[in-house]
Each structure stands twice: as C-alpha cells, then as structure tokens.
Amino acid sequence: MTARIGVVTFPGSLDDRDTQRAIRVAGAEPVALWHKDKDLKQVDAVVLCGGFSYGDYLRAGAIARFSPVMDTVIDQAKAGLPVLGICNGFQILTEAHLLPGGMLGNDHLHFICRDQKLRVENADTAWTTDYEAGQEIHIPLKNMDGRYVADRRTLDELEAEGRVAFRYLDFNPNGSLNDIAGITNAAGNVVGLMPHPEHAVESLIGTGRTDGLPFFTSILKKLVNA
Amino acid sequence: MARVVVDVMLKPEILDPQGQAVQRALPRLGFEGISDVRQGKRFELEVDGPVDEAALARIHDLAESFLANTVIEDFTVRVEEVAEAAK
Amino acid sequence: MARVVVDVMLKPEILDPQGQAVQRALPRLGFEGISDVRQGKRFELEVDGPVDEAALARIHDLAESFLANTVIEDFTVRVEEVAEAAK
Amino acid sequence: MSKTPLDTVEHAAATPDVELPWAELGLKKDEYERVVEILGRRPTGAELAMYSVMWSEHCSYKSSKVHLRQFGEKAPESDALLVGIGENAGVVDVGQGYAVTFKVESHNHPSYVEPYQGAATGVGGIVRDIIAMGARPVAVVDPLRFGAADHPDTKRVLPGVVAGIGGYGNCLGLPNIGGEVVFDACYQGNPLVNAGAIGVMRHEDIHLAKASGAGNKVILYGARTGGDGIGGASILASETFDDAKPSKRPAVQVGDPFQEKLLIECTLEAFAEKLVVGIQDLGAAGLSCATSELASNGSGGMTVVLDDVPLRDSTLSPEEILMSESQERMCAVVEPDKVDRFLEICDKWDVIATVIGEVTDGDRLEIFWHGEKIVDVDPRTVAHEGPTYERPYARPAWQDELQADDAGKLPRPQSGEELKDQVLKLVASPNQASKQWITQQYDHFVQGNTVLAQPEDSGMIRIDEASGLGVAIATDGNGRYAKLDPYTGAQLALAEAYRNVATTGAKPLAVSDCLNFGSPEDPAVMWQFAEAVRGLADGCQQLGTPVTGGNVSLYNQTGEAAIHPTPVVAVLGVIDDVARRTPVAFQEEGQLLYLLGDTREEFGGSAWSQVVHDHLGGLPPKVDLERERLLGEILISASRDGMIDSAHDLSDGGLIQAVVESALLGGKGARLVVPDGLDAFTFLFSESAGRAIVAVPRSEEVRFNDMCGARGLPATRIGVVDGDTVQVQGEFSLPLTDLREAHEGTIPALLA
Ligand SMILES: Nc1ncnc2c1ncn2[C@@H]1O[C@H](COP(=O)(O)OP(=O)(O)O)[C@@H](O)[C@H]1O
Ligand SMILES: [Mg+2]
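Chains as they are written, first to last, in the working numbering: chain A, 1 to 226; chain B, 1 to 87; chain C, 1 to 87; chain D, 1 to 752.
Accuracy of the hints is not assured; some may be wrong.
What the hints assert, rightly or not - Computed Cβ-Cβ distance ranges for the label pairs, DEER-style:
hint, chain 1, residue 1, chain 2, residue 2, range
1, D, PRO396, B, GLU64, 51 to 57 Å
2, B, ALA54, D, PRO396, 50 to 56 Å
3, D, PRO396, C, ALA21, 53 to 59 Å
4, C, GLY33, B, LYS11, 28 to 34 Å
5, D, LYS65, C, VAL79, 57 to 63 Å
6, C, ALA2, D, ASP30, 54 to 60 Å
Stated by the list, open to error - Every beta carbon over 10 Å from chain A, so not counted as near; a handful from chain D, in silico:
hint, residue
7, SER56
8, GLU57
9, GLN70
10, ALA163
11, PRO257
12, LYS261
13, GLU335
14, LYS338
15, ASP350
16, ARG412
17, ASP443
18, GLY448
19, ARG462
20, GLU465
These are calculated hints, taken from the structure and not from any lab test.
For clarity, every value in this text was computed on a predicted model and none was experimentally measured.
Using N, Cα and C, we set each Cβ at its ideal position, and we do this for glycine too.
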C-alpha cells in the first residue's frame, strides 16, 4: 500500500495536475481535493499547489484561505497532518497562520520565472528528509508575490529554531528577508516554499533537473514507514 | 511636513475584477448587506514644507500623469487631517 | 445606502517597493520636496442600510480578518462623507 | 428612461424615412444601402449595430478576403489538416489520435492606448478561440514589435505590454514558449502585439461554432456584459433613440484572467461530458458575432431574448448589449435535456450562465427586447455576406529606388579589430540582444510539459506523457525584408519559422499567420499586402504546410506613414518523442561545428546594415524553399538518429549571432575558422537563408557527413566547441564574459 497525497484545487489553481503527476512519479497516489469540500478523503498528506487562487486579487492566497477545505486542513495540520504549500500554497499557509509571516509583491515589481538555486537548511521536516542539510539544489521559481516578510522577532525565532527550510543562493529573486525561500512550522509537518519542486521531477521537462523529486519521496517514505 | 493622500480608483464603468472577487467572497465569510466593493490604490505622500495651493496643484499633476492611469482610473487628491478613526 | 472606506497600508517597518518606485521616479518627473511615498489599497464598500456602530464594528472585523493581513498591514475604517475635493 | 419608442422591426417598417447614423458607425453609403436592400426596409438600430460591426474590416475581412482566398486555392494536399480556414482556429492531426489547434491574432491598437490591458485582453481573446475548438490550451506565444528601443514612449508601451501578456497568461496557467521582440521606429505609433495560442484535444473532441437542432438552447456564460468597446453603438443608442446623452462607455477593456481560467475549466468539463452541440467565443463584435455566426453556420435559425443577458451596467441599450466586447464570455448551444447539467458545471466553477435563446427550425435570427422584436435578419447576411472590396493596388514608385540602394555597397570592416567591434555592437543591439528581461516575466514551466521555451529556436510541449509525443511552434516575421520585397519577405518569414521548428527536431506541419499592414486604402500598402499573401500562399504550397487560419490587422499607420509590411508566420510541428529534441546550447567541448547550407553575400535588410549603418535598402536574401525543406529533413533525421547534440538556425545577425547565442547558453566557447572561398565578414554577417549550425560529436562526424553528402546538402566544418571565448582564427577573440555583458545588458539598461 502506498501513501495517498491530496492536492487541493481552488478556483485559479494552476499546478494541481503537475503536482499530481509529481506525486505519481514519486510512487505515491495523488488524490484530487476540491476547495468546496470539507472532506479530505482520508489522505495521508496534503499539498496546496501553485497558481493564482481567486486571481490573487485581494492578496495572494487571502480568499482561498477561507475555503471550506481549509477549515479541515487547518484543524488537521495542527494535529500533525503533513501539509506542503508551494508558491500560492505557501501564501495560503501564511494567510491561514499555519506558518508565520506574510508574502508580498516581489521587490522588483515584476513576475519572475527562473531556475533558482537554493540551499536546503532543514532536512528534518516531513517533506525534506531525502535531502541533506546544506545540500544545494535548483528548483524553478515563478511568482509575482514571493517576498517573504516577518517581524524581527519572528525571523529571529525562525532562525534560532532552524525553521528556515530553504534559502535562496547567489541571487535573491524577490527581496525575501534573510533570503528565505521556504519555512516550516515548529513540528515540521507544515512546510511552505516559493519555488516549485513539482516542476523538477522529470529530466527533459522544464529545466531538465529532478532536484524537486525528494520532496515527494521524503513524504512517501515517512508515510509508508509510519 | 504634511501628508497628501491620492486615492486612485478604477472608473465606475470599468470592470473591477479585484473588487468583484472580494465581494463574492463576503457571503462565505458571513458578511451580508454589502452591495458593491471596489478596490483601488491609496498613495500617501509626505510633503516637505507647507501644502499650499501651488503644492496641491503640482501633486494633482503628478497624480494625473503618473499615479493614475487616467485611461481607466479616476483620482482624488486631499490633504490628510490628523490621524483618523484609528484601527 | 452609504459608503464605508477601508484603507490598508503596509506597516511602516515593511519595505514598500511600489511606493519607492514612485518616489524614485519623482525627480525625473520634475517633482521635488516629497520625502516619502507609500502605496496601499483602498476599498470602497457600499453598505445597504444605515451604517451604525454595529455595522461599523462588523466592517472592522471584516477588515481585520480579511481585507488586511494584520501580520504585514495596518488599516483604517471610516464612513465616507460627501464627494471629496474632486479630481 | 427612453422617451422615443423602441426601434422595433415593426417600427422600422412603418418609418422608412428615418435616417440612421450609419456613417458614425463606420458604414459606407453603399453598404448601408445594401443592408436596406437585404432587409427590404430600413434596419432597426439593433440591426444596424450588428451589420456595422460584422461588416467592419476587422470582422468581415472586406479588403483582404479576395487575396486570402489563395490560402485555400493553393493549399497543398495534407492529410494532417482536420479543420481548415474559416473556423475559430484550424485543427491539425499530430498522430496517436491527438489533434492540435493553433492561431495567432493581433491586438495592436488597444495595446497602444492601454498597453497592459490591451495586451492582456489580446491573450484572453486568442485563448478563447482555442477553447472554442474543443481543445485544452497548452501554450501561448507572443510576437511583438515596438518603436525605437530608446524612444521614451517605448518605455511606456513595452513594459506594460509585457506585464499584460504575463499577467494574463501566467494567471491562466499557460506556459509562454515563444514569440518575438523587434524594435523599429516604424512601429512607434503602432506597436504590434500579436498573440498566439496552441490547444490539444482528441480527434473526437473537435467542436465547431454552429447552432443546429431546433429547440436546442443558447447559453451565454462567463462575465457579465458591460459597456466595453462599443463606441459606435452608444451614438446609435443616444442620438437616434434616446435624448439622454450617452453614458460614459469605456474605450478600454479590462481583462479578468481569473474569470477566463474558470471559463476554460468549466468549458472543458462540459466538453468532457459531451454536453455541447456548438460553441463560440465572444470576441470582436460580441453577441452580434456569436449569435449570427452560430446561427449562420448551423442549419436553422435562432431566437434570442436580450433581456436575459446578465449585465454589469443596467443602463445599457439593446444596441450596446449586442455590440459590447466585454471579455471572458462564451456562448454554447446545448440540447434541452443537458441544460441543467451544463448550468450545474458552470455553478461548480462559480461561472454565471444564462439561457438567452433557442435554435429554431426557421432561417432567421430574431432578437427580442422587452417582448418586442428588434432584430429579424438572415444571419448569413450578417456573418458571411459582408462587402468584398477589390481595392486598387500598385507597386509603389519608391520600391525601385529602395531596391537599388544596395547594402552590398556599404563600407565593411577592414580589420580583425573592426570586425570584433562590430560583432560586439551587433550582439548588443536591441534587436539582437537577449530578451531574457522580458521572457523571465512569463511562466515557462506551468503544466509541467514544457520541453523547450525561450530562447530556443522553437517552443516545444509534450502532449503525451507515455509516448513522448510533442508539438513545436515558432513565429517569425521580418518587416525589413518585407519592406524591400513583400513577396520574398513573407516567404522568408515562413522559411524562418519552418527552419526554427525543424532545428529543434520537429517536423513542420501547418501554418497560421498574422498579417500586419498599413491602410488598405493606400494602393502601395495594398500591393504589399497582395504580394505578401501571394508569397506566403506560394511558399506554403511548395513546403506542403497548409495555412490553417490567421488574422489580418490593417490600418497600422500614423498619418501617412505605414508600418513596414509585417507578415508574422507561425509554423507548427510535431515530434514523435520529445526526448530527441535538439537544443540551441553547446553541450560539450570538443564537438565539431558544421555550417549547413550556402553562404552568399546577402546584406539587404540585414541586422548588420541596420546596426552598423542604419541602412535599409537593396534586396532581401534569396529564398530557396526546396533547400529549406532539405535542411529541415537533415535536421530532423540528425536529431532522430542522435547525430547532433545542438543546433541553431541562422537568421538575422547571421552566423556570428547564432554562435554567440549557442555559446552563451551553453557556457562554452567556440573556435571558428573562416571556410575557403568566403571572407570573414561575409562568413560572420551574411543573412543567407536556408542555413543552420550544428554541433556534432566526433564519433558521429562520418555518419553525419555521409548523410549530408548523400542528400546533397552542403555541410562545412567551421570549428569546434571550445574554451571560454568565441574566436575567429586570424581575426579576433572575444571572451564569453564580454559577450554576455554586451548581449544581456542592453534590454535591462533600456527598460529596467
Ligand atoms: N491572414 C489569414 N490567413 C489565413 N486565414 C485567415 C487569415 N485571417 C483570417 N483568417 C481566417 O478567417 C477566419 C475568420 O477570422 P477571425 O475573424 O479572426 O476569426 P474569429 O472569428 O475566430 O475571431 C478564421 O478562420 C481565420 O483563421
Ligand atoms: Mg473566434
């Protein structure tokens, strides 16, 4: 039996099919979840994927955060359900206060799409155990609102507790504080990041690298071994 | 020092997808009784020196040529009084 | 029907690149004497019925939980008076 | 409140002498008389609104259609063509049961007025055309032309256009996989914003825009209808039928990509459940177009109750509702027992959907307002029987002089040092510089099927995960060549797009185009247009790639000055397995560089003549389409058999431009040797067509040479991938760092 990983589709989600594919490529079973359903269909983990939910019209992720499905995701995440937020999903997690801080428009005011170099800072979360701490990887990045901000105290706390999961290397593409590309909650089950690991699971496609696959194999191993 | 506020809103006849998205979310949040929402921009300019007629006129020009896109947006310029009904 | 305006601005300690971009452009446009620019959002809500204390309180809640993200933004709520210093 | 009575059909019949403001609506007197003749009475205001928009140049192709016919008449035999010209977009068979639809359209004028929204809604419009064929959109491309790179207005227009294309396409989740950015002063007041889209479907899912089956319901769904883009109808509404002043109607339309994304999803879901009999997007001419085209392509008639159209602005008159170009709307024809399910799907996606009419077994399109009939027409006369003009055309007097001004006479560089300076200048010039600052504002990765995107020779999308089946697309056009000789210029655009597709290893299958020209009322422009169409039709016939559809944009001019004639050609290709695609970047040191094709002294219209001498004159490069076809076959075979590791087509800027691009992308330099029989300058800068460079692993050299030899394609060894400089033996050496700075610094410096 393999793990069942849910992928939520909100109106305006874009990477739901890609995320399902990445889950499949990793060997797990993707389960489509719909934003209007509170029911998570008994999945073992949830991915909130990229896109422009509700057009990102108010703030990125702000409207999606109030979807029925999020009520359940918030409850269960607090109880330990592994949740990964990618890009818009990360934004939704901060809006839902499952992760601290907030996301703002890129400091250069443009959308940016590039192959981004990152360092894995925390290889102990539910989604990162197949990486080594300190490992340098390339993951595609594409966003309009990728600037991570938080107050000094929150930043200090994140740094002190090792909760900065990923950091931009060589180039900060959006003005994120402390070069933060992704963070985790204290328990390590909820992780959010701006770059898109689901776009880096097949050679040939996209940048041709597969540096994103360990996200999905990490969680699979954790769930299957649990 | 004084603060001048420029409010920029889409012209009423222009589609406002942002305001619409907010409005359509309201019932879900349990808010009734709001018949329309429009979303625009607010600029706060900190002006050195007195904000006299001439200064306001210049800011008006600035708003017209730069802060607002008058093809689709209207704007208003006003000097902001003391702190308003605070948060 | 009445209009309630919610203004949402980034907290002062947070970098506002949009405001900065405006400010940086000012000298090029021949504007001097503006020491700071911040850009935020303005929401105009058309409220059915009277805007009494209770209604305002509800809109305050709406702003706090939805229109603004108070981790990064401050907001103000006010009933809009008659048409302001027009464009 | 309207005080004059509603202009019903009955009222129109009773008041034959009322003059309608046909001129204000852009109709000519004889066109208006023709409407009266068709109807046997004066039109109602609503009818006039419909005829005037549907008979406009934009919708009726009245100036261009006598020429466009050649695309059909000269269409080569092609098994691949499933749906040809005349539908929303053509459809091509790409094998394994898959069909691909693609098309390019212009949104030039709106993008000049309001760059962001103009460009954004351009993307929205072309994507709806693709959905209307039954396909899931999988990628977009954006061929763009702007005024001079350093002109202040370019700084207004370009960033807005790029942000608008990105803002809309990114939000729809469509990877942007290609396009062009060209600067030329001739586009100063007329930027060209062309947008193309590709969609994929199974053969059995092809949908057509037609309403058949009496009793079937007509459903309007998507955004509410507002007062967007209805200039003329407001006049009609106010001056003739209402004494109130026309309310303010926006000249600019604002796009809502989120709404369009929902439209895509709910449409595809309805297709999947086979709920849709016919479908049409609402673009130019809005409901007038959708209802008249659906009805006239079907077997019966149609009734529409205009009161049922959901409005954003309750003050709209019926004429205005008919003409409104509000974005993000579609019209579907659905059998009565499937209507509920259709509406349910729309509701699931929070899309407003309303039954506004019904297919009848008559042959009239009848439209009602407040219970009264305001339109009663034969829909064919609206949609398909618009005027046709045989506009006079004549080769302009200045053409000879222009062609006589031979670029071959321009002073050439005299030393290696001078050559080197000109190379640096060339690769840094706005037209040849890296467009990364622009293209990184577009999502290339979304949908997880992008095999190649900018700056590759063509974009490539995988369409089947199991087999690796993919499609490639490239768009090209060179207004400078076309100005020198529009017939050849159009063929060069075709040849280049064809070559670009083949260079990546895909087999070219079909063509779409966007023909951007000045005023058809100028015989010189009309001649350019006629020549370009003739050139393109002849070229497609010879290459065996049918034109499946396209778009004409006329009146691109400022005062008397027309833009360069700018036919933009999109070529679509197919590749059996995307794993065989050939990239542009040099892959490995030591690989051998071969130049395929013949290099002649051809500098007319060249990048070199523009950058170094600011010159435009002479003749464009010669076209040899048989050679293009052969080159294509070699490139495809070489990719299939693994004989080459990278390839790059040669076009503007010539060989040195291509080498520098491959080197910078791969991070590996090259040592070049000028081949016997060529001088260094011609070798580096000539723009002879039908050429490419390839990098051949040493182990494949013999096999590759044998293949070229056997098929008669000249293949010349010109050097080797090596080091961190681009070196031309005996002439100069340029470090990649300097080249990179020159090539990548220009656009950000101008625009950031
Ligand atoms: N330059 C052209 N080349 C080939 N076909 C064209 C060209 N211009 C228009 N067409 C075809 O004429 C038909 C009508 O065009 P158009 O009005 O742009 O379509 P739509 O109604 O979908 O907007 C389409 O099938 C289109 O492909
Ligand atoms: Mg169409």
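- [ ] Please write out, lowest number first, the hints stated earlier that are contradicted by the structure.
- [x] 1, 3, 10, 11, 12, 15, 17, 18, 19, 20
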